[in-house]
Amino acid sequence: MDHNYVEVKKETGKGSLRSSLSPSLLLILPLAFLTLFYFYPLFSVLQLSLGNGDGLAVFGSVLADEYTRSIVWFTVWQAALSTLLTLALGLPGAYLLARYRFRGKQLLRALTAIPFVMPTVVVAAGFSALLGPRGWANLGLQQLLGLDAPPLDVLNSIWAILLAHMFYNTTIVLRLVGDFWARLDPRVAQAARTLGASPWRTLQQVTFPLLAPVIMAAALLVFIFDFTSFGVILLLGGPQFATLEVAIYRETINFFNLPTAAVLSILQLLFTLGLIVVYTRLAARLTRPITVCSPTVTQRDIKGWRDRGLSGLWIAVMLAFLVAPLGALAARSLTKLDADRGERGAITTGITTTYYRELFVNRRQNFFFATPIETVGISLRNAGLTVLLSLALGVPAAASLARRTRMGSVIDPIIMLPLGTSAVTIGFGFIIAFNQPPLNLRASPLLLPLAHTLVAFPFVVRSLLPAWQSIRPRLRQGAAVLGASPGRVMREVDLPLVGRAGTVAAAFAFTISMGEFGATALLARPEFPTLPVAIFRFLARPGALNFGQAMALSTILMGIVAICMLAIESLRVGNLREF
Amino acid sequence: MLTVKHISKSFGDTAALHDLTLSVEAGEIVAILGPSGCGKSTLLQVIAGLLTPDQGDIRWEDNSQLQVPTHRRAFGLMFQDYALFPHRNVFENIAFGLQMMGLSRPEIQRRVSELLQQVGLPGLETRDVNTLSGGEQQRVALARALAPKPRLLMLDEPLGSLDRTLRDRLLVEMRAVLQREGLTVLYVTHDQQEAFAIADRIVVLRAGHVAQIGTPQQIYQQPASEFVARFLGMNNILIGQLETCNSELCLQLPFGSFPIGESLALTSGVEEVCVLLPPASAELAGEGEGFVATVTSHAFRGSVSEVSVQPASGLPLQFEFGSNLAVPPIGSQIRLKLKMDMIVGLPDGA
Numbered sequence: 006m007d008h009n010y011v012e013v014k015k016e017t018g019k020g021s022l023r024s025s026l027s028p029s030l031l032l033i034l035p036l037a038f039l040t041l042f043y044f045y046p047l048f049s050v051l052q053l054s055l056g057n058g059d060g061l062a063v064f065g066s067v068l069a070d071e072y073t074r075s076i077v078w079f080t081v082w083q084a085a086l087s088t089l090l091t092l093a094l095g096l097p098g099a100y101l102l103a104r105y106r107f108r109g110k111q112l113l114r115a116l117t118a119i120p121f122v123m124p125t126v127v128v129a130a131g132f133s134a135l136l137g138p139r140g141w142a143n144l145g146l147q148q149l150l151g152l153d154a155p156p157l158d159v160l161n162s163i164w165a166i167l168l169a170h171m172f173y174n175t176t177i178v179l180r181l182v183g184d185f186w187a188r189l190d191p192r193v194a195q196a197a198r199t200l201g202a203s204p205w206r207t208l209q210q211v212t213f214p215l216l217a218p219v220i221m222a223a224a225l226l227v228f229i230f231d232f233t234s235f236g237v238i239l240l241l242g243g244p245q246f247a248t249l250e251v252a253i254y255r256e257t258i259n260f261f262n263l264p265t266a267a268v269l270s271i272l273q274l275l276f277t278l279g280l281i282v283v284y285t286r287l288a289a290r291l292t293r294p295i296t297v298c299s300p301t302v303t304q305r306d307i308k309g310w311r312d313r314g315l316s317g318l319w320i321a322v323m324l325a326f327l328v329a330p331l332g333a334l335a336a337r338s339l340t341k342l343d344a345d346r347g348e349r350g351a352i353t354t355g356i357t358t359t360y361y362r363e364l365f366v367n368r369r370q371n372f373f374f375a376t377p378i379e380t381v382g383i384s385l386r387n388a389g390l391t392v393l394l395s396l397a398l399g400v401p402a403a404a405s406l407a408r409r410t411r412m413g414s415v416i417d418p419i420i421m422l423p424l425g426t427s428a429v430t431i432g433f434g435f436i437i438a439f440n441q442p443p444l445n446l447r448a449s450p451l452l453l454p455l456a457h458t459l460v461a462f463p464f465v466v467r468s469l470l471p472a473w474q475s476i477r478p479r480l481r482q483g484a485a486v487l488g489a490s491p492g493r494v495m496r497e498v499d500l501p502l503v504g505r506a507g508t509v510a511a512a513f514a515f516t517i518s519m520g521e522f523g524a525t526a527l528l529a530r531p532e533f534p535t536l537p538v539a540i541f542r543f544l545a546r547p548g549a550l551n552f553g554q555a556m557a558l559s560t561i562l563m564g565i566v567a568i569c570m571l572a573i574e575s576l577r578v579g580n581l582r583e584f
Numbered sequence: 093m094l095t096v097k098h099i100s101k102s103f104g105d106t107a108a109l110h111d112l113t114l115s116v117e118a119g120e121i122v123a124i125l126g127p128s129g130c131g132k133s134t135l136l137q138v139i140a141g142l143l144t145p146d147q148g149d150i151r152w153e154d155n156s157q158l159q160v161p162t163h164r165r166a167f168g169l170m171f172q173d174y175a176l177f178p179h180r181n182v183f184e185n186i187a188f189g190l191q192m193m194g195l196s197r198p199e200i201q202r203r204v205s206e207l208l209q210q211v212g213l214p215g216l217e218t219r220d221v222n223t224l225s226g227g228e229q230q231r232v233a234l235a236r237a238l239a240p241k242p243r244l245l246m247l248d249e250p251l252g253s254l255d256r257t258l259r260d261r262l263l264v265e266m267r268a269v270l271q272r273e274g275l276t277v278l279y280v281t282h283d284q285q286e287a288f289a290i291a292d293r294i295v296v297l298r299a300g301h302v303a304q305i306g307t308p309q310q311i312y313q314q315p316a317s318e319f320v321a322r323f324l325g326m327n328n329i330l331i332g333q334l335e336t337c338n339s340e341l342c343l344q345l346p347f348g349s350f351p352i353g354e355s356l357a358l359t360s361g362v363e364e365v366c367v368l369l370p371p372a373s374a375e376l377a378g379e380g381e382g383f384v385a386t387v388t389s390h391a392f393r394g395s396v397s398e399v400s401v402q403p404a405s406g407l408p409l410q411f412e413f414g415s416n417l418a419v420p421p422i423g424s425q426i427r428l429k430l431k432m433d434m435i436v437g438l439p440d441g442a
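Protein chains in written order, with our numbering: chain A, 6 to 584; chain B, 93 to 442.
Next comes chain B alone, as it looks inside the complex (with noise of 0.2 Å):
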């Protein structure tokens, strides 16, 4: 398994990575969450030797790989934009990794056609790459780094410049190899999505730092932090005071107050907190219950339909409902009930 621990690096005066720890178990894939510069393709080039980091220490199975060069390290590594070798052909650029191991000509080319097939390119074995379309470069990319069988394999961002639907496709059939090969993988990317859909575990990155680690789950359900929230999309953010009424501990936000459940988790004694209402958390109130709020704007987004609202004070929300509910025109106003046990308490200040 793979430990990054306390890594530090800087370029002249602007930190890359500050302190960061994490570990990847055998099998697993890990997803590096985070927006462009927050030091994701660094960390790949120092766990891949690629980069010398200031301070800190990467372990694989309790052995320092710091005096390891590159090329002994057997930690792939999928660049963005893919880096093929232009004067080399698809089988060439495949087999380039089985030739350093010394394998014999027959054993590579077996490996390199089986990883074709793979990848769903048989056949493509003498095509120029420069000839390829971004997928198939993507393919053969792919195939590349998995030729070798590494001990760690790193994705950088490995569907960045693809279209959509692409993604989403290749998407699929890379989970399929990855899992196939039983791999272990760090896995870079800036879209949540992606994220979601590929990684056991995710770690959430801001400038150099680890912002939240853990299961896609627990970061959509529980962001760490208003950062985590608001780059999941989540913008629900408010301020809101807790006091005592009708003798229980209540939340009062700008448009109402309301009763906390045993669920959210706010320590009690602070009297301001920082909450996020995650886009499910609202539902639809009956006459008299809930809070009044305008329709602004509705987007549908296939599964969900996305509301904007105006609360009676205070900022507007988003929320989403299910797209089978029927919209309430914009300008209409409607009535909204908090689902208190998915408002989360966010640390002060983040």
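Bound-form chain A, shown alone (with noise of 0.2 Å):
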């Protein structure tokens, strides 16, 4: 058997496509489209930061601005103490994941998958409906201890940021570090208590040990998110916080000073890909021979009182966690809990559906050309696009890299890069080089599509390569061999194993386009915001209707990107282990 998969493993990459298009030809397209919408507008960025001719004077007195030390220095500490917060949480669900069997174990899984699409607009709004001064708790309190204020200060505090990052993050240590630890041999450990070690001291000089590497890894993931973090720092932070994707934002959008953001950008986006070099080392060392074996024999079921006890407060912590802000949201969707702006005296409070039906009327002092529920579509025109754009790039780059040629492997990092930079940078180098000849592409209704399908290119190309890589030519060969056409090869080989992928990478394009909220908040025109941009405009404004719209808004929004989840999900070969 051993022999046999060795054998088949050496075969799989050459010769499977060798008869249609040769594997530089199909990478034509992708490196154009990564040449004019990444390199160039980089350039662009870059050449902006330097000014005109003289030399690095801008980015030298951008750097020593004070006020551009305490924000890389916010930046570092608020990813930093999110890290430590995001493992505190996630190592010991970790734990209980890798070792334990329990019932509804796959769906408590399932559920931690949700953070990983949900867009920032729709945490944002969901904290704010459950946090914020007009969210339940202080709404709650406020009935309960008949307070004229709110009691609650979480939003607009760092609380807000660290929950919020907190909330991402923890499926990255659960599934990284959860899985590496099921696989781990128990017979190690096991072997440690025979030689006389105590529990703690198993756990510290034989389990972490052998750990370590693989919670560096998703410790530094997390932390690159973290230092990344755009949308939930300018949601939930408040004006008074900022990281370098915030500043980079509001020097463009508020101040207009495109010199500093570009040095800012440039610096963000040094710090970012040293950071995945550094990862991408780390991860390699992963790959370090270690005794691995099946979960089915590692994993027990809780028993005793304690073990029940502790498992049981952590799953009550996680689900509230990953359920309350969401649920609080859909719930606040529709219910009326304050006062609409003029409303005075007692109100009525309870179920109401007037928040979606104001999503239909425009109202004369709006800030919008069309009704709110339009977001809507035109969110679903630029996902669609992204879709086919991000296909139509990533299908021949996939299928070009799954031969796994010399050239491929050069190839491959430079495909990956744009994950490496942050959607507020690509936003803003759009912004410097599509706005003037020769390529004005600022009222472009494609514009969007390209900024996010570069966003979402690498994850298709990583949804669609191991498809591509796993149909062996023997495959082929076994249905030509049982009598398939040509055609029917294809039919029957082919798509099935790459269609399911190709779905999936779909629907991830989709996802991403929906909620992409960076790159967006930069270039969406006034006229024609999308579904984030307008729930972000409706969160910043005052009054309680503004407040429900924002709600309505982000419940349709969670609503399309569950569906997506879903579909993915049940689609899925194999589970989110590649980043």
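A couple of the hints might just be wrong.
Residues from chain A shown here face chain B by an in silico Cβ test under 10 Å; the list is partial [what the hints assert, rightly or not]:
(1) Asp190
(2) Ala194
(3) Ala202
(4) Pro214
It is worth saying that the hints were derived from the structure and are not from the lab. Owing to the predicted nature of the structure, the values given are computational and were not obtained by experimental measurement. Cβ coordinates follow ideal geometry from the N, Cα and C atoms, glycine included.
Two chains, each in its own frame: build the complex with the hints.
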């Protein structure tokens, strides 16, 4: 069996598509796209940051600025603190998922995938619905204690940022560390026990050292996500907090200080690429020989009151954490809790569809040119175009990389580069590069789909690649030997195998585009706001009606994303390991 | 000494161990022998305290160990596939148990190099364990298990993943090491040759039950049941009738009737018995003696030749003859005589 497997594996790479297109030909379109829409904008940003012939003067002055330093410092420490808190919540969970069997585990695992796909605006709206001044907790406490002002001041504080980051990234720790831990041979730890090590010393001297690389990798990935956090800081942190991302946005949109924004973008790019290089090195070390075995032998039932209590507590916290903000959001969109503007006296609280009905009304004082509900259409259209574009580019790229040529190994990291570039930087690059001839795309309906495609492209390639690599020449030969014509082979072998992955990739691209906020915040034209932009604007405006409409739109977006996620989960082969 | 008393352990609906009782005397090497899935590894894990039994007790010199956590039991366990710490080198692996005992650095160094000497790997202290060959890993694992001088050493299929030649060599070496250290040992294996070679006593396990306990000789010469006999590779198991012929008790088999000597431990008064004809229980007979059988195949096994024969009626039988004997060609008819004192009566239905 083993021998056979190795033999097959060697054959995988070559020959699968040899008869049709050559690998380099397939890469022309994807590389042209990256050159034009990734490298060219970044080059423009670099040019702008270097100023007009005065060398590094702009750079120097921005870097010397106290404000810049305080932003970098804040970006770093909030990311570090968020990472520590995420580990504190995630590591016990990883242990629980890795070493125990319990009812509802699959459901819990599926639920932990939610944050990974939820758009930041939805999460921000969720935390607002739960903890904001108009949220359930505050209004409930006000009612209960007869207070005039909201007692909880979580929103617009560092706590909101930390909570949201934990919400987002605990999944990464659970999946990365949990999956690794589940496959770690328990006999290694048992051997330590029989050699006289107490449970604590075993954890300290055997289990942790073995897990250290994967914990480091997970922590670094979490740190990268926290470091490049944009929507969470902008929407939940309020005006007093700014990460590099938020600073780039504000310099561009609020102060129109493009050279400063350019310098900050370059700074951000250097930081993230540096972090990613370290992460890649670490991840490579994870392949070091380690005894692994199937999770079925490593897992046991939860027994004893102590185990039951601790695991129950963790599951309860995790469930509350995952479900509460989103549940609060959906419920809040259908419940009237406080007075609208201009409403006086006793107000009737209760179930209402007002916020949804308001979405169809184009009020005179509205800041939209159309009804809010039309933003759903705008986002759907963008997402559709993004799917088409990213598949058109991702399919040939994956087909080429699947053949593991020497060139492919050089191109692969280049294709992954946009993943290491923050969305705000991409948006800013687009503003600088495509705002004037030769390529003025400012008014083009393709501008946002192009930016979204850039963000989605690495995910699409990563989803397609394994499926393509898994088609062994033998499968096709086998089908042919059994009498299938070439067309039939395509239909019976290639399509079912890549088709599923293609659907997953499309769903990924669609979800990313629907929720994309970083690049969109910079690029969306005022008259064509996307769904997340509309939610952002509603959240920023005063009044119960605006808040309610933000809740309603967020709930709609959450529903759309949830449907996509279900599609992805039901079609996915393997699990969320390759980020 | 170790006493395992009425231990039961189930996983869900499947019982891995059922009312299992055995003991190991100080300085004794006891082998647990059984096919895979008979509960051998579970038993070791229960004794080590890595699993809690559903019922029963584990005692060391009259003290129950059930409430003693694994790391305080001082029972060493060498795992199948060794479970070496992949993040520690050879020295650090062997030193682990000594560090847990709180020994000083020079003491640890002395003991580790002494052990490496013993297992035949001197000077390998700084090697990465991931680069060791299978045999080297086995020796390091053995050294690691020996290092803290456990009062009981348990070995779980310690040679299981090695090839035949290496196994034979390591088996001899290991026995020497175990005897030199004067350890009390519980040795789990599915290989009867290994068990015979290393053990003072053997416990044969079947589906979580004790099928037989005895010295290697007892087990081989007097298998307690059809299961034990078949597990040891003895397949000449027949149903025979007891009857009186020529005024003595005879065993009526499909291919003949044979007078029973004193030694055949069959309960009189029973009419039908299950008997085992061990491989060595037949010899070539002269004209007019024994019974006639046709040779169907033979295999050379070094010191013996294994010959399969088909008697006039009934199932085919396998016997061993000294390999210096000229083996009759396939298809030829031979006459065989049974050595009645070697024939074993087996309890029914086992």
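>> Tell me the hint numbers this structure goes against, listed in increasing order.
In response: none
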